[in-house]
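Protein chains in written order, with our numbering: chain A, 1 to 792; chain B, 1 to 220.
Because the hints were derived from the structure by calculation, they are not lab data.
Please read these numbers as outputs of a predicted model, since none were measured by experiment.
Don't be surprised by glycine CBs; every beta carbon is placed ideally from N, CA and C.
Treat the hints loosely; a few may be bogus.
Stated by the list, open to error - Label-pair ranges, simulated between beta-carbon atoms:
(1) A/V713 / B/C10: 49 to 57 Å
(2) A/W17 / B/G16: 22 to 30 Å
(3) A/D667 / B/E82: 33 to 41 Å
(4) B/S42 / A/V713: 50 to 58 Å
(5) B/D137 / A/Q716: 46 to 54 Å
(6) B/G16 / A/W413: 48 to 56 Å
(7) A/Q716 / B/G16: 24 to 32 Å
(8) B/Q121 / A/A773: 57 to 65 Å
(9) B/G16 / A/A773: 45 to 53 Å
(10) B/G8 / A/V713: 27 to 35 Å
(11) B/G16 / A/D667: 35 to 43 Å
(12) B/G8 / A/Q716: 51 to 59 Å
(13) A/A773 / B/E82: 53 to 61 Å
(14) B/E82 / A/V281: 29 to 37 Å
Said to hold, decoys possible - A short list of chain B residues far from chain A (calculated; beta carbon distances all over 10 Å):
(15) F13
(16) S44
(17) N99
(18) E183
Said to hold, decoys possible - Some chain B residues flagged as far from chain A (calculated, every beta-carbon gap over 10 Å):
(19) G43
(20) P58
(21) A61
(22) R89
(23) P102
(24) A111
(25) E163
(26) H204
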Amino acid sequence: MKLLLRSFVRFFAQTPWATLTAGLGIALGVASTVATHLLGLAVSDQLGASAAPHLRGVTHIAERADATMADYFDLRHQWRQGKLPQVEWITPVIQGQLVEGERRYQVIGADGFRLAARDSSVSATRNSIAADATLERAPGAVLQLAGERWTVAEVVDAGLEDALFADVGDALALLGRPADHLSYVALSLKAPLDGVRETLERLFPGLAAGLPADVGQLAGWTVRPVASVRPEQQFGNAVLFTRGALGLLALVVAWFIIYQICVLWLRRQQLLMTRLSALGVSRGELAVGFLGAIGVLAGVATLFGIAGGYGLAVLLLRLSMAGIAAPPAMELSAIVVVKALFSGFAVALVGAGVAFTRRAPGNLQPPAGRMAVRWGGVVVGLALIAAGLTLEETGLYGGFLAVLAGCLIATSWVGPLLRWLRDALERRGSEGGHPRSSATATTRNGLLFRLAMREATWHEADLGVAIGALILAVGASVGIGLMVGSFERDFMRMLDQRLAHDFFLELRDRDGAALARALREAHPGAVAVPLGERSVRLHGHTVEIGYADFSGAETARYGYAPALGLDEALASEALLKALGLSVGDSVVVGGKALRVVHEFSGFGDVVPRLLIQAEAAAVRFGALHYDRLGLSGLPAADLERWLAEAAPDVVVRQRAALRTVALDVFDRTFAITRALTLVALIVAVAGLYNAMMALRLNQRASVALLRALGLSVGEQRWLALMRGSALGLVAVVLALPLGLFIGAVLCDVINPRAFGWSVALSISAADWALPMALGLAAAVAASVLPVPEESA
Amino acid sequence: MSAIRLNGVCKGFGDGARHRRVIDDFSLEVAAGESVALCGPSGSGKSTLLNLMAGLVPVDAGTLILGHDGRSHDLSRLGESERTALRRRAVGYVFQFFNLVPTLTVLENVALPLALNRLGQRVPEARQRLEALGLGDRLDAYPEMLSGGEQQRVAIARALAHEPAIVLADEPTGNLDARHSEEVAQALFAEARRLGSALVVATHSAAVAERADRIVELVQ
Numbered sequence: 001m002k003l004l005l006r007s008f009v010r011f012f013a014q015t016p017w018a019t020l021t022a023g024l025g026i027a028l029g030v031a032s033t034v035a036t037h038l039l040g041l042a043v044s045d046q047l048g049a050s051a052a053p054h055l056r057g058v059t060h061i062a063e064r065a066d067a068t069m070a071d072y073f074d075l076r077h078q079w080r081q082g083k084l085p086q087v088e089w090i091t092p093v094i095q096g097q098l099v100e101g102e103r104r105y106q107v108i109g110a111d112g113f114r115l116a117a118r119d120s121s122v123s124a125t126r127n128s129i130a131a132d133a134t135l136e137r138a139p140g141a142v143l144q145l146a147g148e149r150w151t152v153a154e155v156v157d158a159g160l161e162d163a164l165f166a167d168v169g170d171a172l173a174l175l176g177r178p179a180d181h182l183s184y185v186a187l188s189l190k191a192p193l194d195g196v197r198e199t200l201e202r203l204f205p206g207l208a209a210g211l212p213a214d215v216g217q218l219a220g221w222t223v224r225p226v227a228s229v230r231p232e233q234q235f236g237n238a239v240l241f242t243r244g245a246l247g248l249l250a251l252v253v254a255w256f257i258i259y260q261i262c263v264l265w266l267r268r269q270q271l272l273m274t275r276l277s278a279l280g281v282s283r284g285e286l287a288v289g290f291l292g293a294i295g296v297l298a299g300v301a302t303l304f305g306i307a308g309g310y311g312l313a314v315l316l317l318r319l320s321m322a323g324i325a326a327p328p329a330m331e332l333s334a335i336v337v338v339k340a341l342f343s344g345f346a347v348a349l350v351g352a353g354v355a356f357t358r359r360a361p362g363n364l365q366p367p368a369g370r371m372a373v374r375w376g377g378v379v380v381g382l383a384l385i386a387a388g389l390t391l392e393e394t395g396l397y398g399g400f401l402a403v404l405a406g407c408l409i410a411t412s413w414v415g416p417l418l419r420w421l422r423d424a425l426e427r428r429g430s431e432g433g434h435p436r437s438s439a440t441a442t443t444r445n446g447l448l449f450r451l452a453m454r455e456a457t458w459h460e461a462d463l464g465v466a467i468g469a470l471i472l473a474v475g476a477s478v479g480i481g482l483m484v485g486s487f488e489r490d491f492m493r494m495l496d497q498r499l500a501h502d503f504f505l506e507l508r509d510r511d512g513a514a515l516a517r518a519l520r521e522a523h524p525g526a527v528a529v530p531l532g533e534r535s536v537r538l539h540g541h542t543v544e545i546g547y548a549d550f551s552g553a554e555t556a557r558y559g560y561a562p563a564l565g566l567d568e569a570l571a572s573e574a575l576l577k578a579l580g581l582s583v584g585d586s587v588v589v590g591g592k593a594l595r596v597v598h599e600f601s602g603f604g605d606v607v608p609r610l611l612i613q614a615e616a617a618a619v620r621f622g623a624l625h626y627d628r629l630g631l632s633g634l635p636a637a638d639l640e641r642w643l644a645e646a647a648p649d650v651v652v653r654q655r656a657a658l659r660t661v662a663l664d665v666f667d668r669t670f671a672i673t674r675a676l677t678l679v680a681l682i683v684a685v686a687g688l689y690n691a692m693m694a695l696r697l698n699q700r701a702s703v704a705l706l707r708a709l710g711l712s713v714g715e716q717r718w719l720a721l722m723r724g725s726a727l728g729l730v731a732v733v734l735a736l737p738l739g740l741f742i743g744a745v746l747c748d749v750i751n752p753r754a755f756g757w758s759v760a761l762s763i764s765a766a767d768w769a770l771p772m773a774l775g776l777a778a779a780v781a782a783s784v785l786p787v788p789e790e791s792a
Numbered sequence: 001m002s003a004i005r006l007n008g009v010c011k012g013f014g015d016g017a018r019h020r021r022v023i024d025d026f027s028l029e030v031a032a033g034e035s036v037a038l039c040g041p042s043g044s045g046k047s048t049l050l051n052l053m054a055g056l057v058p059v060d061a062g063t064l065i066l067g068h069d070g071r072s073h074d075l076s077r078l079g080e081s082e083r084t085a086l087r088r089r090a091v092g093y094v095f096q097f098f099n100l101v102p103t104l105t106v107l108e109n110v111a112l113p114l115a116l117n118r119l120g121q122r123v124p125e126a127r128q129r130l131e132a133l134g135l136g137d138r139l140d141a142y143p144e145m146l147s148g149g150e151q152q153r154v155a156i157a158r159a160l161a162h163e164p165a166i167v168l169a170d171e172p173t174g175n176l177d178a179r180h181s182e183e184v185a186q187a188l189f190a191e192a193r194r195l196g197s198a199l200v201v202a203t204h205s206a207a208v209a210e211r212a213d214r215i216v217e218l219v220q
């Protein structure tokens, strides 16, 4: 057996280019997996670090209309009696808004022991609070709130703007609420597969975002996943999940490549294997030898892949965070290494195993009845696509399953398409019922063209899977390109609307309304619109209510022409989706109904938003606080001069600068996506080159014959060019509809499910032409590039 | 004017210590319409000589002149592209194995040198030659569908389709049985004679060599 293994390993060494390409495919697939995992962990750690203290370990929240502390104690009593076995622990939460002077605060009250950091005793001290880092207060700072002095005992980075955390009693006092007031109950519910879910989450960061949320049950209470109050966590996980899915693309392409290369290797080893069989070596022993050698290759390639993946992750993280923050340190944990090894070995051994089963000596012809299997696969694939796209409950998994099924359907038709082309070319040669010989091309170019087309379409077994991989990579590249391009156009359209004001002023502790009045008095031509927002809970969801003087000019920033009425509202797409509403429906805020008159895009909004007239907000919330000011009709120099005297602490942001920053963030967001797609494309190109190289090595005799007939070097290159172009055309012809499908699913299914917004798919040549041209060029290059001499 | 003239031709392969001279100071002249059989043991340089005459490999020393269109072409002074162009016009080649392009039909294989020489109008004549060689019902067949003898007859038809001044055949009957060898040799010599082409055949077969006007014995 050792000799057999040695024989196969030596064969790989004698075919260095094929081995190198196979190794490169595995290494890049592993690198992509490692990079997405490390990036996922880095982002996940950041999200985890900013978890609000009152929600640490919380899986669900429970609420009911007019809930009181008595209801909570009743629930706790049931739990303590063992009547709620699914509940691990429960705690009441108080949440509200406090406006103190010119500043508003979000006050959150929970069990003091839950709020406290592990090494602090904040909760035990009366009138001590924890402040979110956004408040910029140091520990020990004293705040005068609700007529009392409160000491900031610690600062937490919860990512909740202007949040103060206090014990339940303190929170009630701060908010001036009655002692039995309750906002909701935070719970930790046991899920039957919690352990599995946690393990999977460690293996695939962000996976939870794709899983359907556990629906908890408590009699008399409405139970929702914690994401409804921490949408940013869900948002972050969705980003991780989509990137993780994209990271798998290179691995899938690598699998195709390994399979193709193994088929070619087996073809070249066919004589040797037949001889060994004749000597009495069993099929099983041959398989062990062959797979063992592939395993050695996979091991080496995986090590390179791990190193490459780490480098890629560092590079991408630097790229996406440059100028924003220092990228977090990443370390290769045992899980990453195990996952990489598993990916590398699984991809290589499964690819090689399937190739061996189908193409090893004694089974060199493709299994019969493939068409029936293919059609069956198409039916199953279409059913999966239909289910994934239409069943909302399938979440992100449904969306990606539909993409996967679409990819498999597209790639499974490479062989039939090549055969159809071959038959069509043959039919074309025998048009009108005459024998083909009567239609023989007699011109040099005609005959060489026919020769090139046949060489392209006759080698399905040698090239089919490599072309499939190229289709997959180009299709994904086209789809992602279309989505990113469409998103960018929608995003810029939104920016153009939103950034209608020349300047946006961040007011800090100032009263926006007063500042606007002063500005208008000093500069009568200036248009100053105070903008404010506050966080409320609607039907269990945290929602941001934006308020301003929504005149026609202001509503135009959201794509709606008329001024808003007092009982009207503009709703973000995410809000309508979360609450199951449509334009024309009503939503109750502060006990009064508002009719949704328009839906606007909220790209980048983590929280669902509802916009109402300032007057309508005042009726519901009392005194309003404005923290921003939109300003137009005033030269920058005049504004700066005025602000220097009237409000020097106000931060001014210019429209152009905001636009640049927004587009920069957009580009950074998709830099990782583009890089991962490129990795998959490189794997596919390397694979196709390998397949073409093997084919050309097998055709050396044919080439020598053509040379003996007087075919010049230029004509041979032209032949190769035509052959490569034909293969490239087959690939891009199948990749284009696949890309359109992927683009449409990403825009209309995955984006809404992951982030709550949909993107209008617009098909611009700039988005699909480049990946298509790259795919075509790759096929041509693979066909034209020199073939290194290999002894095997 | 001779169709082929070799004068003091040398050819070797490999570098340094591994260099091996296969052809050493070899001279030969073949007239138009003459047939010559190259005989000798394996490794004596028969195939190398044919490849030199076809311009597939350059000579190391000596002169090798082909007569075509009333002019003499010194292959030792021509570059790769010029040798290729001359080979295309003036030479027809028949190999022992792998004679036909597998992705072209019988008729297309024969039409290939015509198309390369922009002589597409002669395809009907080529079809007639194939019919005369007993391949009239195999015109649309691909090489894999033919027997060895049929494949060699197609190769002969292709080598002569563009009426070259020189026909080179490397063991044309090497993998055929006696009956098919006889058929193929007969077709090759008859067709070359009909066209007045110089024919050089490398062969181990005494029966084939005897058909030639002259036999040249190579020694190792």
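The hints, checked one at a time:
1. The hint said 49 to 57 Å for the Cβ distance between A/V713 and B/C10, and at roughly 26 Å that hint is violated.
2. Checked against the hint of 22 to 30 Å, the C-beta distance between A/W17 and B/G16 comes to roughly 26 Å, which is consistent with it.
3. For the pair A/D667 and B/E82, the beta carbons lie near 55 Å from each other, so the given range of 33 to 41 Å is not met.
4. The hinted window of 50 to 58 Å between B/S42 and A/V713 is violated, with their beta carbons roughly 31 Å apart.
5. For the pair B/D137 and A/Q716, the supplied restraint of 46 to 54 Å is violated, since their beta-carbon distance comes to about 33 Å.
6. A C-beta distance of roughly 54 Å is found between B/G16 and A/W413, which places it inside the suggested range of 48 to 56 Å.
7. At about 31 Å, the CB distance of A/Q716 to B/G16 agrees with the hint of 24 to 32 Å.
8. For the pair B/Q121 and A/A773, the supplied restraint of 57 to 65 Å is violated, since their beta-carbon distance comes to about 40 Å.
9. For B/G16 and A/A773, the Cβ-Cβ distance of about 47 Å falls inside the hinted range of 45 to 53 Å, so the restraint holds.
10. Between B/G8 and A/V713 the Cβ separation comes to about 29 Å, which falls inside the hinted range of 27 to 35 Å.
11. Separation of B/G16 from A/D667 is about 58 Å and departs from the stated range, judged on CB atoms against 35 to 43 Å.
12. Between B/G8 and A/Q716 the CB atoms are about 32 Å apart, so this pair departs from the stated range of 51 to 59 Å.
13. The given range of 53 to 61 Å is broken by A/A773 and B/E82, whose C-beta atoms sit roughly 37 Å from each other.
14. For B/E82 and A/V281, the hinted distance range of 29 to 37 Å is not satisfied, since their beta carbons lie about 52 Å from each other.
15. Against the 10 Å criterion, B/F13 stays outside the reach of chain A, whose nearest CB is about 15 Å from its own CB.
16. Separation of B/S44 from chain A is adequate, the least Cβ-Cβ distance of about 21 Å exceeding the 10 Å criterion.
17. For B/N99, the requirement that its beta carbon stay farther than 10 Å from each beta carbon of chain A is not met, with the minimum near 7 Å.
18. The claim that B/E183 lies off the interface holds: its Cβ sits roughly 22 Å from the closest Cβ of chain A, which is beyond the 10 Å cut-off.
19. Distance check for B/G43 against chain A: the nearest CB is about 20 Å away, which clears 10 Å, and the non-interface claim stands.
20. Even its closest Cβ contact with chain A, about 14 Å, leaves B/P58 beyond 10 Å, as expected for a residue assigned away from the interface.
21. Distance to chain A confirms B/A61 as a non-interface residue, since its nearest Cβ pair spans about 23 Å, more than 10 Å.
22. Its beta-carbon lying about 7 Å from the closest one in chain A, B/R89 breaks the requirement of being farther than 10 Å from that chain.
23. The claim that B/P102 is not at the interface with chain A is violated, since a C-beta of that chain comes within 10 Å of its own (minimum 7 Å).
24. At roughly 5 Å, the least C-beta separation between B/A111 and chain A is not larger than 10 Å, which violates its mark as non-interface.
25. Distance check on B/E163: its Cβ is at least 14 Å (rounded) from any Cβ of chain A, clearing the 10 Å threshold; non-interface status holds.
26. Separation of B/H204 from chain A is adequate, the least Cβ-Cβ distance of about 21 Å exceeding the 10 Å criterion.
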